[in-house]
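Enquirer: Each protein sequence line maps, in turn, to chains A and B. Here the working numbering is used: position 211 in the first sequence is 211, and no number is missing along the way. Quick note: to get the working numbering, add 734 to the position in the second sequence (first position is 1).
Since the hints were derived computationally from the structure, they do not count as laboratory data. Incorrect hints may have been included.
Pairs of lysine-lysine, BS3-like flavour, derived with a Cα cap of 27 Å [to be verified]:
hint	chain 1	residue 1	chain 2	residue 2
1	A	K732	B	K779
2	B	K779	A	K655
3	A	K227	B	K898
4	A	K70	B	K843
5	A	K225	B	K898
6	A	K732	A	K670
7	B	K914	A	K225
8	B	K779	A	K311
9	A	K227	B	K913
10	B	K913	A	K232
11	B	K913	A	K202
12	B	K901	A	K232
13	B	K822	A	K70
14	B	K913	B	K901
15	A	K229	B	K913
16	A	K225	A	K491
17	B	K779	A	K604
18	A	K227	B	K779
19	B	K913	A	K225
20	B	K822	A	K229
21	A	K202	B	K914
22	B	K779	A	K304
23	A	K651	B	K779
24	A	K541	A	K192
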Amino acid sequence: MEKPGKTKMKPIKISRRTFLKGSGLAAGALSMGVFDFTSWSRTSMEGPVTRIPTICNGCGNRCAIFAYVKNKRIWRIEGNPEANGNQGVICPKGHGYVHDLYNPNRIRSPLKRVGTKFQAISWEQAYKEISQKINLILMDNGPESIFWVNYPMPNHGYALRLMHSLTSPHYFTHGSTCFTARNAAWNFTVGKLPANDLVNSKYIMIMGRNPAGGIDLGQVKDIVKAKEKGAKVIVVDPRHSETAILADEWLPIKPGTDLAFLLAMINVMVEEKLYEKEFIENHTVGFPQLEDEIINYPPVWAEKICEIPAKTIVRIAREMAMQKPRALIHRGYHGAFGAQYLNSFQTARALAIANSLLGNINREGGIYFSESANLGELQPTHPAPAGPSSSKADGTGIPGRYPLGSYGDGITHAIPELALRGILKCGFVYHHNPLRTNPNPKRVIAGYKKLDLMVVIDPVLSETASIAHYVLPASFYLEADDAVDTKHSGKQAQVTIQQKAIEPVFDTRSAFQIITDLGKHLGVGRYFNFTLDEANALRLKPFGVSLESLKAKGVLPVGPQWKEGFVKADTPSGKVEIASAVLNELGYPAVPRWEAPLVSPDDKDPHSFRLIHGKQAYHTHAMTANQPYLMAISRRYDMIRLWINRARAEKLGLKDGDVVQMKSMIGEGKIRVKLTEGLHPSCVWLPSGYGNFSKYLTTAYDQGLSYNDFLPTLFDPAVGHAMASEVIVQVKKA
Amino acid sequence: MARYGMVIDETKCVGCYACRVACQNLNHLRENEAYNFLEEREYGKFPNFHRVFLPVQCQHCDNPPCVSVCPTGASYKRKDGIVLVNEKDCIGCKYCIAACPYNVRIIKKEGYIEKCRFCLEFVEQGGQPACVTTCMTGVRMFGDLDDPNSEISRYVAQNVHLLKTYKEEFDTRPRIFYKKV
Ligand code: SF4
Ligand code: SF4
Ligand code: SF4
Numbered sequence: 001m002e003k004p005g006k007t008k009m010k011p012i013k014i015s016r017r018t019f020l021k022g023s024g025l026a027a028g029a030l031s032m033g034v035f036d037f038t039s040w041s042r043t044s045m046e047g048p049v050t051r052i053p054t055i056c057n058g059c060g061n062r063c064a065i066f067a068y069v070k071n072k073r074i075w076r077i078e079g080n081p082e083a084n085g086n087q088g089v090i091c092p093k094g095h096g097y098v099h100d101l102y103n104p105n106r107i108r109s110p111l112k113r114v115g116t117k118f119q120a121i122s123w124e125q126a127y128k129e130i131s132q133k134i135n136l137i138l139m140d141n142g143p144e145s146i147f148w149v150n151y152p153m154p155n156h157g158y159a160l161r162l163m164h165s166l167t168s169p170h171y172f173t174h175g176s177t178c179f180t181a182r183n184a185a186w187n188f189t190v191g192k193l194p195a196n197d198l199v200n201s202k203y204i205m206i207m208g209r210n211p212a213g214g215i216d217l218g219q220v221k222d223i224v225k226a227k228e229k230g231a232k233v234i235v236v237d238p239r240h241s242e243t244a245i246l247a248d249e250w251l252p253i254k255p256g257t258d259l260a261f262l263l264a265m266i267n268v269m270v271e272e273k274l275y276e277k278e279f280i281e282n283h284t285v286g287f288p289q290l291e292d293e294i295i296n297y298p299p300v301w302a303e304k305i306c307e308i309p310a311k312t313i314v315r316i317a318r319e320m321a322m323q324k325p326r327a328l329i330h331r332g333y334h335g336a337f338g339a340q341y342l343n344s345f346q347t348a349r350a351l352a353i354a355n356s357l358l359g360n361i362n363r364e365g366g367i368y369f370s371e372s373a374n375l376g377e378l379q380p381t382h383p384a385p386a387g388p389s390s391s392k393a394d395g396t397g398i399p400g401r402y403p404l405g406s407y408g409d410g411i412t413h414a415i416p417e418l419a420l421r422g423i424l425k426c427g428f429v430y431h432h433n434p435l436r437t438n439p440n441p442k443r444v445i446a447g448y449k450k451l452d453l454m455v456v457i458d459p460v461l462s463e464t465a466s467i468a469h470y471v472l473p474a475s476f477y478l479e480a481d482d483a484v485d486t487k488h489s490g491k492q493a494q495v496t497i498q499q500k501a502i503e504p505v506f507d508t509r510s511a512f513q514i515i516t517d518l519g520k521h522l523g524v525g526r527y528f529n530f531t532l533d534e535a536n537a538l539r540l541k542p543f544g545v546s547l548e549s550l551k552a553k554g555v556l557p558v559g560p561q562w563k564e565g566f567v568k569a570d571t572p573s574g575k576v577e578i579a580s581a582v583l584n585e586l587g588y589p590a591v592p593r594w595e596a597p598l599v600s601p602d603d604k605d606p607h608s609f610r611l612i613h614g615k616q617a618y619h620t621h622a623m624t625a626n627q628p629y630l631m632a633i634s635r636r637y638d639m640i641r642l643w644i645n646r647a648r649a650e651k652l653g654l655k656d657g658d659v660v661q662m663k664s665m666i667g668e669g670k671i672r673v674k675l676t677e678g679l680h681p682s683c684v685w686l687p688s689g690y691g692n693f694s695k696y697l698t699t700a701y702d703q704g705l706s707y708n709d710f711l712p713t714l715f716d717p718a719v720g721h722a723m724a725s726e727v728i729v730q731v732k733k734a
Numbered sequence: 735m736a737r738y739g740m741v742i743d744e745t746k747c748v749g750c751y752a753c754r755v756a757c758q759n760l761n762h763l764r765e766n767e768a769y770n771f772l773e774e775r776e777y778g779k780f781p782n783f784h785r786v787f788l789p790v791q792c793q794h795c796d797n798p799p800c801v802s803v804c805p806t807g808a809s810y811k812r813k814d815g816i817v818l819v820n821e822k823d824c825i826g827c828k829y830c831i832a833a834c835p836y837n838v839r840i841i842k843k844e845g846y847i848e849k850c851r852f853c854l855e856f857v858e859q860g861g862q863p864a865c866v867t868t869c870m871t872g873v874r875m876f877g878d879l880d881d882p883n884s885e886i887s888r889y890v891a892q893n894v895h896l897l898k899t900y901k902e903e904f905d906t907r908p909r910i911f912y913k914k915v
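Bound conformation, chain B alone:
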């Protein structure tokens, strides 16, 4: 069985937000509902200056705090690594929003909680997530981390020393790996 994961190369993001809108369209989101976000940081003083856009979305953690705090079991982790919300069981209590260290869960207009779904239905049909395919600089890579021959597995094997997970102090064990600046 596939175990999905993602690599995000934060040296390449130019902050265009194409991934945001591509995701909104694929997943039928309204203009103020988004599954991915950017955190902008500035370093240095004029003229020695640099800035970075860090793309953040659900990290599909292997130790997901949102799942452990969910009173109804609406938030759950699948065998293929994807963390999902079952909207029918979600009572909108927002415990998961408080528990998630990444600020990536949103309240849908309908009242339930949602977040990045790794484009599940699309991926199951052999597609790639919209945020991956639309990006002009190729920030994201997505695939099966259990398949040693997948592009992402080979990339991770070669670049393991450059990769980090985000907010390690929370011990969430994300399935998204960042290539740092």
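Bound-form chain A, shown alone:
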């Protein structure tokens, strides 16, 4: 396949000599001493071992771990049993990603692009040149021409503070390619994103979420425990997911039609009066409007659309109602309605409402509001910056543009568009790789290349880093202390902390330090006059726990235990909004109604499929395909393949392992197929962790394809999300 960007992007060469000279390392460092696996392994079967509590960085779950160091080398990790999120266990990515500390592709010092090459420079020079350039750009274009985009890490508050110190509103996360439809729907219905009390549930329905593949360790443990106590588990997914392996029933829904299934379930609950009457009367608004709308969606109607038999929908609605309120439909993540289809917002709304009809909101075994750790403020010790006075240029939260979009997350895949329009002029990309994780890479490359200054903070030369003007090498998580985190909050809030287990291998700095250093060089140092320890101590102050005890334990519970019972929702009415007056005012349906996906495959064309995607348990986004231990799994078990329904494949003359040509309106590529009975016939499924095209990633380079190579640049008209499964492909034998 013509790799995205290959034609436009001349490979940038690092002259090895300058690179090594600049980083102050001898050429053989990686094959000597502690870096060399063979010699370390020989000497280290025995030897003193130290154990450091910290957090994993293999994915966004940030599981609490103990890192074991033997003879100055990271040996292995274990799960911290105290943490709500991972409950003592660790996934393959967690174990495998530790080896990236010693990956020869790591950047060893700051880099500056000179023509088509990168030159190693000092931190001082990098900061000086970057800040000079930014100051000039901001003088000409105003403070809102700078942005920061990241996959949020515990230090994200400091990145936001940096943008606010510069009075720019343009802080972005990856959210619009991931979960913003789901979040918006839960916000409009119950006021916030809730959690699932899986462990106490008696009936668990999971739609398009796959915690055993898009790993959530604690959720899987809880599902297994619930099953041991007799719970029934239903997985609704076009693909027989890894979670479906644990389920009592797999319902292979036609992709893009989960909304029809949910509307029909609600129809049954309403028609047969299976809902929790007391809850509906006292704690919700708009039920009569739902009654009026829902008569349009009987199960026989849904069956034609979603291809799940009407009698199955009726049965499941009744079974769930029998177990209410200890029955739940998983709150979801990316799959099915995170940022997938034109109807994703309505789907997530229907899902939230179906849960409400079960009366399970904030109930044991239902959907609950987890306890949150509200970290302390740095002020008044360190006054907060005033912040921006303009709104975000992506239009999030603005009526007439993307009123249901998340202002906090922004629309990440709008950054290239805003750059092409000259609105964004310079920016930082940290712990994020938009050239690989945003749709339509050619467009993304064109956008990011339009920037007058682009600084990437990353441990390796990712696709995005390889087109940057400057690359600042962030320390690997095992080498750096960082900000306190609240990720593990559940039935009780928890705080965790990232601590260095080992001294930095190269001339790298922690992201926290890079952010505060940048603040100082950009003339807003007055907002960054604190050390990490001081800031962490201030953040922990409200809980009455000391930084020292957190460092010793790695995880600490803080605040009260969750209590069952619905009191009040953070919505305008204070109740669960089955009908939303705000949505109505903005011109959207007050109660969910059927909406077809934007595009659908052509039933009459044997080559036409919807392209859907999902995670494998051993890869995270585009980040881990460069990790040899994880890629060894993909290769040994032949996992870099496109799944296709066996009957449909045979009609195309395909056999297991054949190479196909796949083509969409924006891209094409070749890949081998896996024939399976475990996939809905209308779609093909591509694992999402592959398709890296940076030549600096020697293990990941040119392995498989990414769904983003096929996905056009789309913005859902209300939320602005990427509609990541609204893409039809043509599949032919190559």
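Take the given structure of chain A and dock chain B with the ligands to it, following the hints.
Expert: Same frame as chain A, now just chain B with the ligands:
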């Protein structure tokens, strides 16, 4: 003396491979060297479909063909039930690889043969094997089958009718028992 054994619940494995990498780390293995493997099987036709991941590793057989074919005595069986390879005596002839019906022996880069060691050194210090402790669904259980009060002994006593050994036709008498789908 302890006699170690393992139960593997094949109804619970979701094919995540955490056990593979956890084992590699604990035992200092390279990325292409593994002591445990998964065999994936599919059953049925769309939409009535199911698949199973079967975790396979050295079965620590009580009648180990790898030990009987080893010309140097490098492959041996310990009193505590663990089958091991003494790397110093291993000449890399690969007879054991041919004799093992489970395909679980590998050639290390150094040239000798290795395989699952039931995390021996770790277990002797009171630990549990890495593949046991890392698994989110709790597929494996490990312990002393001679101690009637151990968790695994009690489990085996209660579930004996559900347990099978793998590839019984080879009469290897494994110390790993599978709970079947
Ligand atoms: S789920 Fe895996 S990769 Fe993600 S943080 Fe936890 S152990 Fe690390
Ligand atoms: S860790 Fe558990 S679920 Fe994952 S592959 Fe191993 S046995 Fe299966
Ligand atoms: S028992 Fe130990 S050596 Fe054997 S497969 Fe499990 S982790 Fe590896």
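Enquirer: Take the hints in turn and mark each one as holding or not.
Expert: Hints versus structure:
For the suggested pair K732 of chain A and K779 of chain B, the alpha carbons sit about 23 Å apart, so the restraint of at most 27 Å is met. Of the supplied pair hints, the one linking K779 of chain B and K655 of chain A holds, its CA atoms being roughly 17 Å apart against a limit of 27 Å. About 23 Å separates the Cα atoms of K227 of chain A and K898 of chain B, which keeps this hinted pair within 27 Å; it holds. At most 27 Å may separate the alpha-carbon atoms for a hinted pair to count; K70 of chain A and K843 of chain B meet this at roughly 22 Å.
For the hint pairing K225 of chain A with K898 of chain B, the CA-to-CA distance comes to about 24 Å; that is within 27 Å, so the pair holds. Of the supplied pair hints, the one linking K732 of chain A and K670 of chain A holds, its CA atoms being roughly 10 Å apart against a limit of 27 Å. At roughly 19 Å between alpha-carbon atoms, K914 of chain B and K225 of chain A fall within 27 Å of each other, so this suggested pair holds. For the suggested pair K779 of chain B and K311 of chain A, the alpha carbons sit about 20 Å apart, so the restraint of at most 27 Å is met.
Distance hint between K227 of chain A and K913 of chain B is fulfilled; the C-alpha atoms sit about 16 Å from each other, no more than 27 Å. Restraint check for K913 of chain B and K232 of chain A: the C-alpha separation of about 20 Å stays at or below 27 Å, so the hint holds. For the hint pairing K913 of chain B with K202 of chain A, the CA-to-CA distance comes to about 24 Å; that is within 27 Å, so the pair holds. For the hint pairing K901 of chain B with K232 of chain A, the CA-to-CA distance comes to about 32 Å; that exceeds 27 Å, so the pair is violated.
Taking the CA atoms of K822 of chain B and K70 of chain A, the gap is near 24 Å; set against the 27 Å cutoff, the hint holds. Taking the CA atoms of K913 of chain B and K901 of chain B, the gap is about 14 Å. The hint holds against a cut of 27 Å. Distance restraint check for K229 of chain A and K913 of chain B: the Cα-Cα separation of roughly 18 Å lies within the 27 Å cut-off, and the hinted pair is therefore satisfied. Proposed proximity of K225 of chain A and K491 of chain A is supported: the alpha carbons are some 16 Å apart, at most 27 Å.
For the hint pairing K779 of chain B with K604 of chain A, the CA-to-CA distance comes to about 23 Å; that is within 27 Å, so the pair holds. Taking the CA atoms of K227 of chain A and K779 of chain B, the gap is near 25 Å; set against the 27 Å cutoff, the hint holds. Annotation: proposed proximity of K913 of chain B to K225 of chain A holds, straight-line Cα distance about 17 Å (limit 27 Å). Restraint check: the Cα-Cα separation between K822 of chain B and K229 of chain A comes to about 50 Å, which exceeds 27 Å; the hinted pair is violated.
Pair hint K202 of chain A plus K914 of chain B holds up; C-alpha atoms about 24 Å apart against a cutoff of 27 Å. In summary, the hint linking K779 of chain B to K304 of chain A is supported, as the alpha carbons are separated by about 21 Å, within the 27 Å threshold. At roughly 16 Å between alpha-carbon atoms, K651 of chain A and K779 of chain B fall within 27 Å of each other, so this suggested pair holds. Pair hint K541 of chain A plus K192 of chain A holds up; C-alpha atoms about 25 Å apart against a cutoff of 27 Å.
In the structure shown, a violation is registered for the earlier hints numbered 12, 20, in ascending order.
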